[in-house]
Structures are given as structure tokens and as C-alpha cells.
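Please work from the sequences and hints to get the whole structure.
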Amino acid sequence: MSSLLNERQQSKSFGLTGFLSRIHLDALLLLGLLVLLAVGLMVLYSAGGQDNGLLIRQLIRMGTAFFVLMILAQIHPDRMRDAAYLLYGLGLVLLFSVLAFGHEGKGAQRWLDLGFFRFQPSELMKLAVPLLVAAYLAERPIAPTTGRLIVGLLMIMVPSFLIAKQPDLGTSLLIASSGLIVLFLSGIRWRIIIGFITVCASALPVLWYFMHAYQRQRVLTFLNPESDPLGSGYHIIQSKIAIGSGGIFGQGWLEGTQSHLEFLPERSTDFIFAVIAEEFGLIGVGLLLFWYLLVAGRGLFIASQAQTSFARLLAGSISVTFLVYVFVNVGMVTGLLPVVGVPLPLISYGGTSMVTLLAGFGILMSIHTHRRMMSP
Amino acid sequence: MASRIALTDHFRESRLVNDRLIFAALFAVLLFTVVMVRLVVLQVVEYEHFDSLSDRNRVDIEALPPQRGLIFDRNGVVLAENIPTFSLELIPEKVGDLDETLLGIGDLLAIPEDELIELKQQIKRHRRFNPVVIRQRLTEKEVAVLSVNRHRYTGVDVVGRLIRHYPHGNLFAHTVGYVGRINERDQKIIDELNYKGTLQIGKTGVEKEYETILHGRVGHQKVETNVQGRVVRELHTVASLAGDDLFLHLDINLQRVAADALGDYNGSVIALDPRTGGLLAMVSKPDFDPNDFVTGISRKKYAVLRDSLDRPLFDRALRGHYPPGSTLKPFVALAGLELGVITEHSESFCPGWYTLPGQDHRYRCWKKHGHGHVDLKNSIAQSCDVYFYDLANTLGIDRMHNFLDLFGFGQRTEIDLPSESRGLSPSRQWKRDRRNQAWYPGETLISGIGQGFNQTTPIQLAHATATLAMRGVSMTPQAVRAKRKAGQEEVQLHLAETADSLPMEDSQHWETVIDAMVEVTHGRRGTARHVGQGLPFKMAGKTGTAQVFTIKQDEKYDAATLARKLHDHALFIAFAPAENPEIVVAVVVENGGSGSKKAAPIARKMINQYFGITENE
Numbered sequence: 001m002s003s004l005l006n007e008r009q010q011s012k013s014f015g016l017t018g019f020l021s022r023i024h025l026d027a028l029l030l031l032g033l034l035v036l037l038a039v040g041l042m043v044l045y046s047a048g049g050q051d052n053g054l055l056i057r058q059l060i061r062m063g064t065a066f067f068v069l070m071i072l073a074q075i076h077p078d079r080m081r082d083a084a085y086l087l088y089g090l091g092l093v094l095l096f097s098v099l100a101f102g103h104e105g106k107g108a109q110r111w112l113d114l115g116f117f118r119f120q121p122s123e124l125m126k127l128a129v130p131l132l133v134a135a136y137l138a139e140r141p142i143a144p145t146t147g148r149l150i151v152g153l154l155m156i157m158v159p160s161f162l163i164a165k166q167p168d169l170g171t172s173l174l175i176a177s178s179g180l181i182v183l184f185l186s187g188i189r190w191r192i193i194i195g196f197i198t199v200c201a202s203a204l205p206v207l208w209y210f211m212h213a214y215q216r217q218r219v220l221t222f223l224n225p226e227s228d229p230l231g232s233g234y235h236i237i238q239s240k241i242a243i244g245s246g247g248i249f250g251q252g253w254l255e256g257t258q259s260h261l262e263f264l265p266e267r268s269t270d271f272i273f274a275v276i277a278e279e280f281g282l283i284g285v286g287l288l289l290f291w292y293l294l295v296a297g298r299g300l301f302i303a304s305q306a307q308t309s310f311a312r313l314l315a316g317s318i319s320v321t322f323l324v325y326v327f328v329n330v331g332m333v334t335g336l337l338p339v340v341g342v343p344l345p346l347i348s349y350g351g352t353s354m355v356t357l358l359a360g361f362g363i364l365m366s367i368h369t370h371r372r373m374m375s376p
Numbered sequence: 001m002a003s004r005i006a007l008t009d010h011f012r013e014s015r016l017v018n019d020r021l022i023f024a025a026l027f028a029v030l031l032f033t034v035v036m037v038r039l040v041v042l043q044v045v046e047y048e049h050f051d052s053l054s055d056r057n058r059v060d061i062e063a064l065p066p067q068r069g070l071i072f073d074r075n076g077v078v079l080a081e082n083i084p085t086f087s088l089e090l091i092p093e094k095v096g097d098l099d100e101t102l103l104g105i106g107d108l109l110a111i112p113e114d115e116l117i118e119l120k121q122q123i124k125r126h127r128r129f130n131p132v133v134i135r136q137r138l139t140e141k142e143v144a145v146l147s148v149n150r151h152r153y154t155g156v157d158v159v160g161r162l163i164r165h166y167p168h169g170n171l172f173a174h175t176v177g178y179v180g181r182i183n184e185r186d187q188k189i190i191d192e193l194n195y196k197g198t199l200q201i202g203k204t205g206v207e208k209e210y211e212t213i214l215h216g217r218v219g220h221q222k223v224e225t226n227v228q229g230r231v232v233r234e235l236h237t238v239a240s241l242a243g244d245d246l247f248l249h250l251d252i253n254l255q256r257v258a259a260d261a262l263g264d265y266n267g268s269v270i271a272l273d274p275r276t277g278g279l280l281a282m283v284s285k286p287d288f289d290p291n292d293f294v295t296g297i298s299r300k301k302y303a304v305l306r307d308s309l310d311r312p313l314f315d316r317a318l319r320g321h322y323p324p325g326s327t328l329k330p331f332v333a334l335a336g337l338e339l340g341v342i343t344e345h346s347e348s349f350c351p352g353w354y355t356l357p358g359q360d361h362r363y364r365c366w367k368k369h370g371h372g373h374v375d376l377k378n379s380i381a382q383s384c385d386v387y388f389y390d391l392a393n394t395l396g397i398d399r400m401h402n403f404l405d406l407f408g409f410g411q412r413t414e415i416d417l418p419s420e421s422r423g424l425s426p427s428r429q430w431k432r433d434r435r436n437q438a439w440y441p442g443e444t445l446i447s448g449i450g451q452g453f454n455q456t457t458p459i460q461l462a463h464a465t466a467t468l469a470m471r472g473v474s475m476t477p478q479a480v481r482a483k484r485k486a487g488q489e490e491v492q493l494h495l496a497e498t499a500d501s502l503p504m505e506d507s508q509h510w511e512t513v514i515d516a517m518v519e520v521t522h523g524r525r526g527t528a529r530h531v532g533q534g535l536p537f538k539m540a541g542k543t544g545t546a547q548v549f550t551i552k553q554d555e556k557y558d559a560a561t562l563a564r565k566l567h568d569h570a571l572f573i574a575f576a577p578a579e580n581p582e583i584v585v586a587v588v589v590e591n592g593g594s595g596s597k598k599a600a601p602i603a604r605k606m607i608n609q610y611f612g613i614t615e616n617e
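Here the protein sequences line up with chains Z and E, keeping their order.
Going by our numbering, the first sequence opens with residue 1, and the numbers climb by one from there.
Going by our numbering, the second sequence opens with residue 1, and the numbers climb by one from there.
To be clear, the hints were calculated from the coordinates, so they are not data collected in a lab.
We put the CB at the ideal spot given by N, CA and C, even for glycine.
Do not rely on the hints blindly, as some may be mistaken.
To be verified - Okay, the calculated beta carbon distance ranges per label pair:
# : chain 1 : residue 1 : chain 2 : residue 2 : range
1 : E       : N82       : Z       : P265      : 27 to 35 Å
2 : Z       : L220      : E       : K141      : 45 to 53 Å
3 : E       : Q121      : Z       : A83       : 42 to 50 Å
4 : E       : V41       : Z       : A83       : 42 to 50 Å
5 : E       : D51       : Z       : Q74       : 44 to 52 Å
6 : Z       : L220      : E       : F27       : 27 to 35 Å
7 : E       : E46       : Z       : T146      : 42 to 50 Å
Okay, structure coming up:
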């Protein structure tokens, strides 16, 4: 009933919403994203030392990413499902070639130099993994059988392992979680989920036992960066000071001393959240986090309204993964989680993740706006 | 269950996923609540704390690099020390306009433009919040100029640092080695954290081999800085731990004598204490001033050293390959005695040449008209080649090779210094494996007099001589005698391991060969008879001459008419006192001509110095 109603509303609606819907864009989601991007530009202007060049480069990236969003929104979800295996296969080939002859950037091999531009295959995998797992599981009625569950797990683990080897542990874990979220949404039994978590948790002490002293030391530093004040702990100490000194109301836009006196490293990229917290205070970051929840909430609503299991699983995974990104970044900057290089979605300065994220939202819009044309 | 395959229940599926979506949404809200709680803690509960840290005064963390351990000789004379200097450093993150800053500073210090470009590239590779050194060892005038202009450039500061200094310059260039700027290759193998704030790392010699001991442990301090970045207060300090001091076996006086005696000849002089394996002196010439390398040698200076035909950077003592020449003869004689091929009384007749049965080729003795009848003692004392052609022929290359193996020929001595060469002790097997060629009998003959394929490093020669002097007790050569933890009086001995004792059928064989070597320096017809004169005890020695180029059949070698570059290498091995050796010397003088004239006197000077003998010449 509700979908029927929705359909009628959409076909009747006029004005901007109606126009957007006809070009396969979702008005509410679009509004949510544009607000985030605008906030991002504003903060970047402050964090980047009021550098207009930086803003222009970021704007160009946003434009590119939006173009990708609009293209993907035009593609029918069924076509995406058809392309899942191909994209995933291509991603695997690229990952292997990165390991074989990738370009080293900042000590890790993640870039593939294609001459005219450099490309990070792990970004492709951020979408290809949930796409494939959703497509695979939706081939048969869900919840999946144990056999299909295992195949799904393998689809997730292979690229995660390859990316972890680059080494890019952060991205590897995020990609694994985007796939695991699809498995979770597909309705696998709680018993299996709890069993899986128990097995992983109990494997940790065994792993610990087999590690060398120096490896243990590394894990400890990873978990507690403040024990290494000259290395990654420096970031955390400075970032906590910046956040804490923001207080409830913040120092005001362009007034954050920690970021402007350049105590805070990577303040335009991974640690931009600390700049927001310093300048806009608890109220500012509270609103920002709430807005992130709203954007993801719209995504979850789209997932719930989708008409096929494939679309539901994919839309759900994209929305939840978006929130995981936010949580991991904010957790890292506030010292709750270890330091892994994850940018703050849609706000951090940087190109590739912006394109991937908006591409994901393009898929969501496609799923939502193609419903009328789907056969039930 | 079978129906699940056949039919898709859309309603049931959508409810299944929707339940999970709701659960995921609730879980996400929970996680975000945790983050909000954390933010409330940081921004409300601990606001005062963080605000005081940020307000006016900020917290910064500085690495405290450890002080590098000192290096002393056996008398306690400093060979490597740390002296305070000023350097100009730049923190990329704090610099406004990098180009303008670099140009301005380049102007003040007169840094050439190509160096500035190089610096800029280096800065770009660096982490933005770590300091980059622009110039070290600033003069007082430069410090003054920079101080006056300091306000014009942010992120650039004059910093006091300790840098390595080698007070004796060239004298220990190859032995103590030097430290140099940490380069990208070093960066890959070091513990980056432990080298925070450290600019230099051991590159060669003792400095490299004992890097981990000398370096120490980095410390750090949290400091409050004001808006200008100046330290206001120290909050928390973890002191650095200075590296250990090292005491070497080297004796600076002996080292000086060795270097002086070698004069302007290229070559190497090594002295060992055969009882411990301790390295008393080790000189390789030509040498260079290691101080040039500490703060980064200029391109021009480096090019001169690198391109010099004399290769001053090359450590001849550990890596130079020389044919041992006649210095190998005592060892070959020992092989003959031990394997029962000859006895102390075995004689050969030397007409001035030797031929293999059925061949015409004459293997010449250095003495054109021959030594006549010679026994073992005379063959060594007068260095008769024919005696050893005959002996080598009877022994065969394989038996000879296996015996020489015991003395470490063709193997590293495992001295505690880096990049030692292996040398070459040829065998039938080696020639087949490496050259894919058969072994010719003639090659056995010239191997018997230390020519042909034989390649020995000076340290190998010294080590083998020490083993001979000790009648078969082989001590691994050691440069470092002891170490001392920073700030402590107590010295811990760094003991050499006894390699092993060589088994010998009859210990009288040692004495036979050593007697013959005493005859070299004291005998009426010894090749180095002038060298043993006036000693209160007996010394043992053996001369050697290694051909640099081959003389044709029946052509006379005339040193006078040959360019010095084509002169033979002069070698000499010695130890003293012969009965109870305390010092072993090995000398290689490149293009020195004759072992007895050029190399042997150097060994005598070393022995004089060691025993405190003064000679009136």
C-alpha cells in the first residue's frame, strides 16, 4: 500500500522535488549531502589557513564526485546487479596489480599509476564488495544457507586481505565491515553472529601468545597511542587539546588557536573533526553528528522502501557503512579508537573517498527513484 | 525448507531485512551516543584542563636525542668525541612561504642555488612537523646574522647540537670510521622512533659496527610553549640514555708509527696482539678526514675522494686483495712438514728455475743463478722459489688449499668491523665452479709461492701470522676491548672468543718453521737480515713481493726503469719475541718494490714502538 501511495505522490508531484525525481535524484538526501559539503568547505577554509586554492581544488573534487553521483543515479539497480561480478573481478585484478607494481605513497602501496591519473583500487572495492555480496545473496531467498554464507564470507575476506597487505589496515577493516553488514542485514541467525564474534574474540589471546615481543609492543602502541608521544600519540594529544579547548560553544569560526597555530597535524584531512570541535564546540559537533544520522537515516528509509532484496541489502549496507566511517573517524580523533587513516566523510580534504562516498549515494538515489519501473 | 529454494516470499524477506535495518539504526544511535558522551567529557568535564593547556601556553613534545658514546684507544685517548655546534633547522609546517624563506636564508648564509633546490626537495619529502637541518656547524658570525634576522622568518631556528668530532683526523679514518647524515637507506633499517632528533648514524668502521651500542636510547619531554613557540615550562621529561663508551685495543702511538712509516705509499699496516686477537694498529692509506663526512660532505670534496685513482675511501686493511707472495711460504712449509711430504732436513737443488716433467716452461726463482742446494730453513730464510715449486708440486693444490684453510686464507677473519672481504685461496673445486676450467699443474707451482690466483687481505695475513706465532691458537681479531655504560666508572671487558686450536701431529713443526722465520731477520743470508739487528730478543719474519704485472720469460725485472705504479707490492709479516710473541705485524706497501727494503723496516719500527726500543740510526 505504502509503496503504491508513494508512487502516486511522486507521479503527481510538481516543482523542484518532482523535477529532481524525474532526473532520478532524491531531494531529501540531496539536501542532506549539500549541507554536509557546505559545512566541509567552511571548515576547510578555516583549517587550511584560509587558502582559496585549497577550496577550489576541493570544489573541483566535489563537482567530479557529484557528476559520478548523477550518472550512477541514472543506472537501473538491476543493471548494477548484473555488473557486480564484473566490477568485483576487475577490482581483484587491480588489487593484485597494485601489490605487483603499485606506486608507493607515504610508505604504503595503494596507488596504481595509470599515467594520466592515479587510482586506488581499494576505493572501487568499497562499493564492489557490498554490491557483489548483496547480488549473490539475493540470487536465492534469504536468509542465506550456511554454504552461501561461507561463500559470501570468502568474497569479503579475499579483497580485505589483499588491502591489508598493502598495508592499509583501516580501509581493509572498513571494506570487510561493509560486506559483513550485508550478511547481517540478510537475516543470518543471531546464533551464528554471536558464535562468530565469540570465535574471533577467543582467537585473540592465542594470537597474542604467538606474537614476538616487538609485535606485541606495536599492538599496544596501536591500541594506546599516547604511550608513544613522539609518534602517533602526538596527533592524539594535540587533537584532544583542540577538542577539549572548544568547550560547549567553541572558539568561533576561524578562531581555533590549536589549528591555526599549527599544533594539530593533518588538520585538513583526517583530523578535521578536531578543528570543528574547537571552533564550534559541543553544540556544533552535536549538530554535525545529528545531521550525519539524518542523512544515514534517509538512506535506511530508502533501503526499507526498496522493492528487491538486492536493493534493500545494498542500500542498507551503504547507509550503515557511511555511519561506520563517521564513527571510526570521530572515535579516532577523540582518542576512543586507534589511529587508522580514515577521513571524515564528505568534510575531510581529499579526492578519492569523496567520489566513492557520493557514488554510494548515487546508488541509493537510483534505488529509490527507479522503483516505479521495477516489476514487482 | 525445500520450498525456500523454489519460492521467494517477498513479504517475509522485506520484513526480515527491515527488522535488521531497525536494529542497525538503533546500534548506530548507540555508538553515536558513546561518541557524544566522550565529547561531553572532553569539552565540558575536562574543559578547564584542556583550555589551560591551549590558552596562551600550548603543549609540545620534543625528542631528546641521546648522546653518542665516546670511543677511546687503549690508553684512554679520545678517538671520537661530541662537540657542541649550532645548526640551522626548519620545521616545514611552521614556515609561511617556503620559497621566500629559503631564498632569504640562502642569501644570509650564501648557500648556492642548486643546494637550495635540493633542500626544497628534501623538505617536501619530510614529515611536515619534523625539523629539517639546513646548515650545520654554523660559525659565530653566521649565528649572529641569523639571530638578527630571526623575526623575519617563522619556523626557522638556530639550534644547539652535539656533533661527532674526530680529533685525530685522518689517522683513524678507516678503523674508527665515521658517522654521517641518516639517509633514506638508513631510514629503512633503523627504529625511527629511537632516532627522533638524531641526525647522524655510523657509516663505517667501529662507528657502524657498534651503532646500536654507541647510539643509546631517545628520551622526550612535554613542554609548554608560548604563542611564539618558545618553551615556557617543562611538564614531563623522560631523559635520554646516552650510548656506551667504547675502549679499543688500538694504541694511538703504534697507529701513528704505522701511518708515518708508510709515508706517502699506498698500502696497509696491521698490528695484532696474538694472545688476545686485539687490534693494536690498523692503517690503510691513502686516507681522508672523517670529519668531512659528519655533517654531510660537499659534492665537490666527495667527487675528489671518489674519483681519485688511489681510492682513499677504500679500506685496504680489510678489503684490499693482494697476492700474499712469499709470505705464504712458512704456511706451505708447515703443510709439507705436517703432511709428511718433507722433513726439516729435506733438500732441493735450485739452479734458478724449475720445470715440470715433460714441459719446457721455466718457472723462475727470484735469484737468477739459483740458490744451489737448499734445506727448509734456508728456503725460507732466502725465500727460494724453486724449493716451494717442488714442495707445492708434491703436495698438490687440494692438500695445500685444505691446509691453508686452517689459517683462514680465503675466509673472513670475523673481526668486529664491517665490510671485510673474503680473499681467495684457490682450489681445483673453486676453479671448476667459478671459472668452469680445469686446474693446470703449473698453477699449483705459482700458488706455492703465493702468486697466481691467491688473494689475501692484510687482516687475513695478520690473523694467519698470529695463529702461526701462537703455535696454532687462533684468536678472532677484535677492535673493541671494553665498553662502559654512560656515567659509570666500571668498564666491562668485551672478550674475544678463542676460535680454536689447530691440531698438529708434531708440535716441533711449529718451531722448525718459526726458527726459519727467525733466520729471515737474524740469519747471515736472511732476506731481511738488517731488520733483526740490535733487538734484545729474536723476532720472526717473512718477506714477500707480489707481482703487479708479469715479466716475460728471461726478461729482467728492473725497478729503476719502471714507473712506480708498476713496481711490485712489498709485503712483510713478523712477530716478536719469537718464543713468546706479544705483537704480530703485517705490512703491505703497494708498489713498494721489495718486501725486505720497504715493508720490513716498517714492521721493525712497530716492534720498536711496542717494546719501547730506541734505535740510533
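Item to check | Index of numbered hints that the structure contradicts, given in increasing order | outcome: Hints that this structure does not satisfy do not exist here, as all of them hold.
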